[in-house]
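> Chain F: place on chain H using the hints.
Okay, here's what each chain looks like letter by letter:
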Amino acid sequence: MGSPILRLIAQRIALGVLLLFAVSVLIFVGTQILPGDVAQSILGQSATPEALANLRAELGLNEPAIVRYFQWLGGVLTGDLGTALTSRQDIATAIGGRLWNTLFLAFWAAIVSVPLAILLGLLAVRYRNGVIDKSISGFALASTSLPEFFIGYLLVFFFAVKLQWFPGISTVYDGMPFIERMRAIALPATALTLVVLAHMMRMTRAAILNVMQSAYVETAELKGLSQFDIIRRHAFPNAIAPIVNVVMLNLAFLVVGVVVVEVIFVYPGMGQYLVDHVTKRDVPVVQAVGLIFAAVYITLNMIADIAAILANPRLRHPK
Amino acid sequence: MARKPKQKPTHDGKLLEIRDLKIEATVFPPGEDPRDVTIVHGVSLTLERGKVLGLIGESGAGKSTIGLSSMAYGRGGVRITGGEVVLNGRDILKAGKGGIRKIRGREVCYVAQSAAAAFNPAHKLMDQVVEATLEHGTATRAEAEKRAKALFRKLSLPDPDNIGNRYPHQVSGGQLQRVMTAMALCSEPDLIVFDEPTTALDVTTQIDVLAAIKDAIRDTGVAALYITHDLAVVAQVADEIMVLRHGRLVEWGGTRQIIKEPRQEYTNQLVSVHEIEHQEKAPGVSPVLSVKNVTASYGGSVKVLKDVSVDIFPGQTLAVVGESGSGKSTLARAITGLLPPSEGSITFAGRKLSNALRDRKREDLRELQMIYQMADVAMNPRQTVATIIGRPLEFYFNMRGRERDARVAELLDKIEMGKGFADRYPAELSGGQKQRVCIARALAAKPKLIICDEVTSALDPLVAHGILRLLLDLQAEEDVAYLFITHDLATVKSIADSIAVMYRGEVVRYGPKSQVLAPPFDAYTELLLSSVPEMEIGWLEKAIAGRRMESAGN
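Protein sequence lines, in the order shown, are assigned to chains H and F. Quick note on numbering: the first sequence equals residues 1 to 319 in full-length UniProt numbering. Quick note on numbering: the second sequence equals residues 1 to 554 in full-length UniProt numbering.
This list has only true hints and no planted wrong ones.
To give an idea of the interface, some chain H residues facing chain F are shown, with a C-beta separation under 7 Å as derived from the structure: (1) Ala215; (2) Tyr216; (3) Thr219; (4) Lys223; (5) Leu225; (6) Pro237; (7) Pro313; (8) Arg314; (9) His317.
Source of the hints: derived by calculation from the structure; they are not laboratory data. Where is the CB? At the ideal position from N, CA and C, for every residue including glycine.
Excised from the complex, chain H in its bound form:
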């Protein structure tokens, strides 16, 4: 472990932070150029001009954009995400519980899908071009090709309506028993798993197959190692970087891309919260949620980069 690797990692982290600031600017500018007037949409068409002017002053909408940006950023940095325009609730408090719900769902979907995808990828390589490989790939591709709302409704139809094993609406509340909570998220977690599985599985397969062409795999074969040992011991460690990359991308999707699934299952997470407030043109909420999604996305990709650096023996053990 030398300084070059620490420097590289520090660089990645600094870049991540910088990127997050850039995204915060984009989000802010983006929400500013959206057509429509917040005050107008809160008060409705019949509002008097005086009421509108009062509300604008109260919301600080008359300040120049740059001043408002820094006010907003200062708030974010001190943990104050502002107040929702429509419900007058503190956004940080409202998001707290929902973020936890989203992460809970994403966590269990990841716990199932990541090991499953990698295992299936390894199996596909072990029996490549055979029946097992083709059925794994076929199943995985079919599940990705279907849109997630369709998968969601299929699951609801079979497991909630016909078989009645799991609830079709994933209501969760504070103090819900763990088992109950797991039952509630079973269907959305399955839907998410099916959506992200194929991508990770195919990339694992491709990354390992790529490494299987190399001379050191031949060396291992000529040592008399079994196929599975060759894949596990010699191919996998060298395929980690691309695999981690695609895993992180999909984990990010599990958090950021759950919007549709949360809406289908009426799951009280970030996605549903975001959709609700977009329709109400509640700008501070949209900004806060957007920033959190961006932070999750950037953090996971940063972890993938760092993992790739750590997985490279040339960087880990300099000459």
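Leaving out everything else, chain F in the frame of chain H:
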């Protein structure tokens, strides 16, 4: 070292017997249906315990394929379709997958040409060296590691007790090749297949590795199949030599007989010395290219070229010699502007060249062409030969249509390839033909100077010889100058008018060929010259002994 009980004493001391081996592969020629071709046509051989058999031939002779068949392994979709491979008294082709796994890494081990690629970059050397031993359960980890360290010492690796803790990228190519030999020896096999183990190394490194391999074979009593295209190398280690061509046996005999009294015409061609008598030309008045005090680096503070000055005269050849990392190719990059020098100047045809490539005029680019070591990656695989050669004609001379086609035909004629090749794709050509097409492409620009970067290194000796002759003929016809980069001193003798010897980015010796190759030598040139293998039995020992005295004397 006690041999394992598995080595049951077999009658007549035979270890390996290959009978009537037939090997096939499916090829996928571009634009045609896949078809099966036979690579090895019924080859038989026997190898006794503790003996070394050299398998020799040009590329495509099937030597690696035959060598790997002793491990029941077909590389890249190659199939063993007939014959028997009897190892320790049983046919391993009938052993089944599990049975073969028990033989690989235990009874037969493999040493690859490129150890750098054959080691897994993600694991420490020691873990890889003892892996086969542990897999087959012939020793505990502690025993295996002890054995490995002893082997590291025997193969004269530096710091034998700790080198195993390093990763492959942390040791040099020559050391890695020796570690790979230790890896093969660690499980105490009966047979090792050496597949061109020194071909990728510099001559100065090759001699050390060769000596280490030879000592290790002698001390452990292991038998070996030694595969190479270099007769001089195999003559140092083999008891017997088998000459192969196109997957058939040409001649098989004792080493002395093969190199002294070859019975077949083809063997004779391989054995006879291919030096081209090349009359050295005296330096001209004004050089076509003059490199003055050039210093260059790849970004960092390390200078890869230090104050290099050389001249090349019209119609003459300057050979730049040195081992890898000496800065030969970097010099070419500096001259072509790919790596702008930080100091110094380059004068070409009387005008000063801009340092950076993008500032150079089209005329500068045209008159300075380049030919590369790897002809197949230097050509677009999706273009025909006519397109490849025609491109510089269009680009520099604006030739189109019939005029261009006529010139392409003329160039094809110059490189001794017929018009029939115009519509072929690079994949349909042999290695030598590909290099000829690259030469034609360079000539098409009517250059004053061609930089030849190791252009014959990847070719078989006979093919390389043909290319050198062609280059000399073309030089006489076109009055073109060559900057000839190589690590092969035999080539230098055949083609050069003047020589620059490079070592660690500096020119250590420079002058007309006759002067550079005549004593008294500086230490490095001496080392280079004495490291070129000669086709003499016992050359290796003499060369090593000579070198030791030398270094002791210094």
